[in-house]
Amino acid sequence: MAAAGGDEQQMLAQRLKAAVHYTVGCLCQEVGEDKDVQFTKQSIAAISEITFRQCEVFAKDLEMFARHAKRTTVTTEDVKLLARKSNSLLKYITQKSEELASSNMEQKEKKKKKSSAAKGKRTPGEQEAAVTENEDSNM
Amino acid sequence: LQLLQPKTVPKRLEASQRKPREPHIPSSLIKEIFRHFAKMPVTRDAFNIVEKCAERYFKQLCIDLEAYTHHAGKKTVEETDLEVLMRRQRLVTDKMPLNVLIERYLPLQYRKLLIPVAVAGNKVIPCK
Numbered sequence: 025m026a027a028a029g030g031d032e033q034q035m036l037a038q039r040l041k042a043a044v045h046y047t048v049g050c051l052c053q054e055v056g057e058d059k060d061v062q063f064t065k066q067s068i069a070a071i072s073e074i075t076f077r078q079c080e081v082f083a084k085d086l087e088m089f090a091r092h093a094k095r096t097t098v099t100t101e102d103v104k105l106l107a108r109k110s111n112s113l114l115k116y117i118t119q120k121s122e123e124l125a126s127s128n129m130e131q132k133e134k135k136k137k138k139s140s141a142a143k144g145k146r147t148p149g150e151q152e153a154a155v156t157e158n159e160d161s162n163m
Numbered sequence: 013l014q015l016l017q018p019k020t021v022p023k024r025l026e027a028s029q030r031k032p033r034e035p036h037i038p039s040s041l042i043k044e045i046f047r048h049f050a051k052m053p054v055t056r057d058a059f060n061i062v063e064k065c066a067e068r069y070f071k072q073l074c075i076d077l078e079a080y081t082h083h084a085g086k087k088t089v090e091e092t093d094l095e096v097l098m099r100r101q102r103l104v105t106d107k108m109p110l111n112v113l114i115e116r117y118l119p120l121q122y123r124k125l126l127i128p129v130a131v132a133g134n135k136v137i138p139c140k
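So the protein sequences, as listed, match chains Z and U. Start counting the first sequence at 25; every next residue gets the next number (the numbering used here). Start counting the second sequence at 13; every next residue gets the next number (the numbering used here).
Excised from the complex, chain Z in its bound form:
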C-alpha cells in the first residue's frame, strides 16, 4: 500500500489540484469580469494552491467536529461550526444550508407523491438543479 499507493495518491492529488485550478480559473474570470480586473496566471495558480491547502485544514477540522459530536459522518452542522469565525460567512452558510434543506424536503415530498401515485417519469431538470445546488454548497 505504501509504495504502490503512494504513486496512486500522487496521481489523485495531481488530478484534484488540476480540477481545483480549473474551477478557480472559472471563478476568477467571473470575478474579473464583474470588477473589471484581470488575474495573472500566477495569481490564479497561487489561489488554487491556497484553496487546495485550505481544503486539507477544512477536512481535518470537519473530521474533528464530527468526531466531537460522536458521529462518523460530516453534516451541515459541522460545516456551520467551521464557518463560525466570520459572522457574515456564517450567515451566508446558514442561509445556504436552509435553502438546501428546504429543497431536499421538497424533493422528498415529490418522491413520496410520485412513488405513491405512479412509478415513472422523473423530471430530469429538477434533479439537475438539485445536483448543481449541492455542488455550490460544497464549494
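Calculated from the structure, these hints are not laboratory results. No experiment lies behind these values; they were computed from the predicted model shown. Even glycine gets a Cβ: it sits at the ideal position worked out from N, Cα and C. Among the hints, erroneous ones may be present.
Just the calculated beta-carbon pair ranges, DEER-fashion [as the list claims (entries may be wrong)]:
(1) U:Leu-73 / Z:Cys-50: 37 to 43 Å
(2) Z:Asp-31 / U:Leu-118: 43 to 49 Å
(3) U:Leu-120 / Z:Ala-69: 47 to 53 Å
(4) U:Thr-88 / Z:Lys-137: 41 to 47 Å
(5) U:Phe-70 / Z:Gln-53: 30 to 36 Å
(6) Z:Ala-69 / U:Glu-44: 45 to 51 Å
Capping the alpha-carbon separation at 30 Å, the derived lysine-lysine pairs in DSS-like fashion look like this [to be verified]:
(7) U:Lys-43 / Z:Lys-120
(8) U:Lys-71 / Z:Lys-120
(9) U:Lys-87 / Z:Lys-115
(10) Z:Lys-41 / U:Lys-107
(11) Z:Lys-115 / U:Lys-71
(12) U:Lys-43 / Z:Lys-84
(13) U:Lys-64 / Z:Lys-94
(14) Z:Lys-94 / U:Lys-87
(15) Z:Lys-115 / U:Lys-86
(16) U:Lys-64 / Z:Lys-109
(17) Z:Lys-120 / Z:Lys-135
(18) Z:Lys-120 / U:Lys-64
(19) U:Lys-43 / Z:Lys-109
(20) U:Lys-86 / Z:Lys-109
(21) U:Lys-71 / Z:Lys-104
(22) U:Lys-86 / Z:Lys-94
(23) U:Lys-107 / Z:Lys-104
To give an idea of the interface, some chain U residues facing chain Z are shown, with a C-beta separation under 10 Å as derived from the structure [claimed, not checked]:
(24) Ile-75
(25) Asp-76
(26) Tyr-80
(27) His-83
(28) Gly-85
(29) Thr-92
(30) Glu-95
(31) Arg-100
(32) Asp-106
(33) Pro-109
(34) Val-112
Starting from the known structure of chain Z, fit chain U onto it as the hints suggest.
Then chain U, alone, in the frame of chain Z:
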C-alpha cells in the same frame, strides 16, 4: 414567615448594590502573566489594552464553548469541548497534544487534577 420575608428582601438589595461590577480577572495577575511572557518593558497603557483584550477573549471563549457544547448535544462544558476549541485556535495540534500544554504551562497541583498519574499499588489518580 410573613414577618421574616420583608426583612430578607432589603438585605438582598444591599448585597447586589455592594458589588455591581462584573466578575473579572485581577489586573495584577494579567500584568504578571503578560510581563512574564513579554520579557521587555511594557507601558501602563499597553497593560490596559491587554486587560481589555483578555476580557474580550473570555467573552468570545464563552460563546465558542457554548457552540461546541451544543454541537455535541450537551449542556455542560467538558474537557473535550475545550480541546476542540484549542484545536481550532491551533494551540493543540497533532504535534502538540493537550497534555503537553498542560505539563508545560500549568503548576503541578493543577496538572495532578488533569493528567492521570500512576501511583504505588497500580492505582491511577484521578480515576476516570
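Here is how each hint holds up against the structure:
For Leu-73 of chain U paired with Cys-50 of chain Z, a C-beta distance near 40 Å keeps the hint of 37 to 43 Å intact. Between Asp-31 of chain Z and Leu-118 of chain U the beta carbon distance is about 46 Å. The supplied range of 43 to 49 Å therefore holds. Checked against the hint of 47 to 53 Å, the C-beta distance between Leu-120 of chain U and Ala-69 of chain Z comes to roughly 52 Å, which is consistent with it. Between Thr-88 of chain U and Lys-137 of chain Z, the C-beta spacing of about 44 Å keeps the proposed range 41 to 47 Å intact.
As the Cβ distance of Phe-70 of chain U to Gln-53 of chain Z is approximately 45 Å, the hint placing it in 30 to 36 Å is violated. For Ala-69 of chain Z and Glu-44 of chain U, the hinted distance range of 45 to 51 Å is satisfied, since their beta carbons lie about 49 Å from each other. Our distance criterion of 30 Å between C-alpha atoms is broken by Lys-43 of chain U and Lys-120 of chain Z, whose separation comes to about 45 Å. Between Lys-71 of chain U and Lys-120 of chain Z the alpha-carbon distance is near 28 Å, which keeps this suggested pair within the 30 Å criterion.
For the hint pairing Lys-87 of chain U with Lys-115 of chain Z, the CA-to-CA distance comes to about 24 Å; that is within 30 Å, so the pair holds. Distance check on the hinted pair: Lys-41 of chain Z and Lys-107 of chain U sit about 26 Å apart at the alpha-carbon level, within 30 Å; holds. Restraint check for Lys-115 of chain Z and Lys-71 of chain U: satisfied, since their Cα atoms lie roughly 20 Å apart, inside the 30 Å limit. Distance restraint check for Lys-43 of chain U and Lys-84 of chain Z: the Cα-Cα separation of roughly 36 Å exceeds the 30 Å cut-off, and the hinted pair is therefore not satisfied.
Restraint check: the Cα-Cα separation between Lys-64 of chain U and Lys-94 of chain Z comes to about 36 Å, which exceeds 30 Å; the hinted pair is violated. Distance check on the hinted pair: Lys-94 of chain Z and Lys-87 of chain U sit about 15 Å apart at the alpha-carbon level, within 30 Å; holds. For the hint pairing Lys-115 of chain Z with Lys-86 of chain U, the CA-to-CA distance comes to about 24 Å; that is within 30 Å, so the pair holds. Between Lys-64 of chain U and Lys-109 of chain Z the alpha-carbon distance is near 20 Å, which keeps this suggested pair within the 30 Å criterion.
This hinted pair checks out: Lys-120 of chain Z and Lys-135 of chain Z have alpha carbons roughly 22 Å apart, not beyond 30 Å. At roughly 35 Å between alpha-carbon atoms, Lys-120 of chain Z and Lys-64 of chain U are farther apart than 30 Å, so this suggested pair is violated. As the CA atoms of Lys-43 of chain U and Lys-109 of chain Z are separated by approximately 28 Å, the hinted pair is consistent with the 30 Å bound. At most 30 Å may separate the alpha-carbon atoms for a hinted pair to count; Lys-86 of chain U and Lys-109 of chain Z meet this at roughly 21 Å.
Restraint check: the Cα-Cα separation between Lys-71 of chain U and Lys-104 of chain Z comes to about 20 Å, which is no more than 30 Å; the hinted pair holds. In summary, the hint linking Lys-86 of chain U to Lys-94 of chain Z is supported, as the alpha carbons are separated by about 11 Å, within the 30 Å threshold. The hinted pair formed by Lys-107 of chain U and Lys-104 of chain Z meets the criterion: a straight-line CA distance of about 26 Å does not exceed 30 Å. With a least beta-carbon distance of about 9 Å to chain Z, the hint placing Ile-75 of chain U at the interface is held under the 10 Å criterion.
The restraint placing Asp-76 of chain U at the interface with chain Z holds, with a minimum CB-CB distance near 7 Å, inside the 10 Å limit. With its C-beta approaching chain Z no nearer than about 7 Å, Tyr-80 of chain U sits inside the 10 Å limit, and its interface hint holds. The beta carbon of His-83 of chain U is positioned within 10 Å of a beta carbon in chain Z (closest approach about 6 Å), and the interface hint is therefore held. For the restraint placing Gly-85 of chain U at the interface with chain Z, the shortest Cβ-Cβ distance is roughly 7 Å, inside the 10 Å limit, so the hint holds.
Interface hint status for Thr-92 of chain U: upheld, as the beta-carbon distance to the closest one in chain Z is roughly 6 Å, under 10 Å. The beta carbon of Glu-95 of chain U comes within 8 Å of a beta carbon in chain Z, closer than 10 Å, and the hint placing it at the interface holds. The beta carbon of Arg-100 of chain U comes within 7 Å of a beta carbon in chain Z, closer than 10 Å, and the hint placing it at the interface holds. Given the 10 Å rule on beta carbons, the hint for Asp-106 of chain U holds: about 9 Å separates it from the nearest Cβ of chain Z.
The interface hint given for Pro-109 of chain U is violated, since its Cβ lies 14 Å from the closest Cβ of chain Z, which is over the 10 Å cut-off. A least Cβ separation of about 18 Å between Val-112 of chain U and chain Z goes past the 10 Å threshold, and the interface hint is therefore violated.
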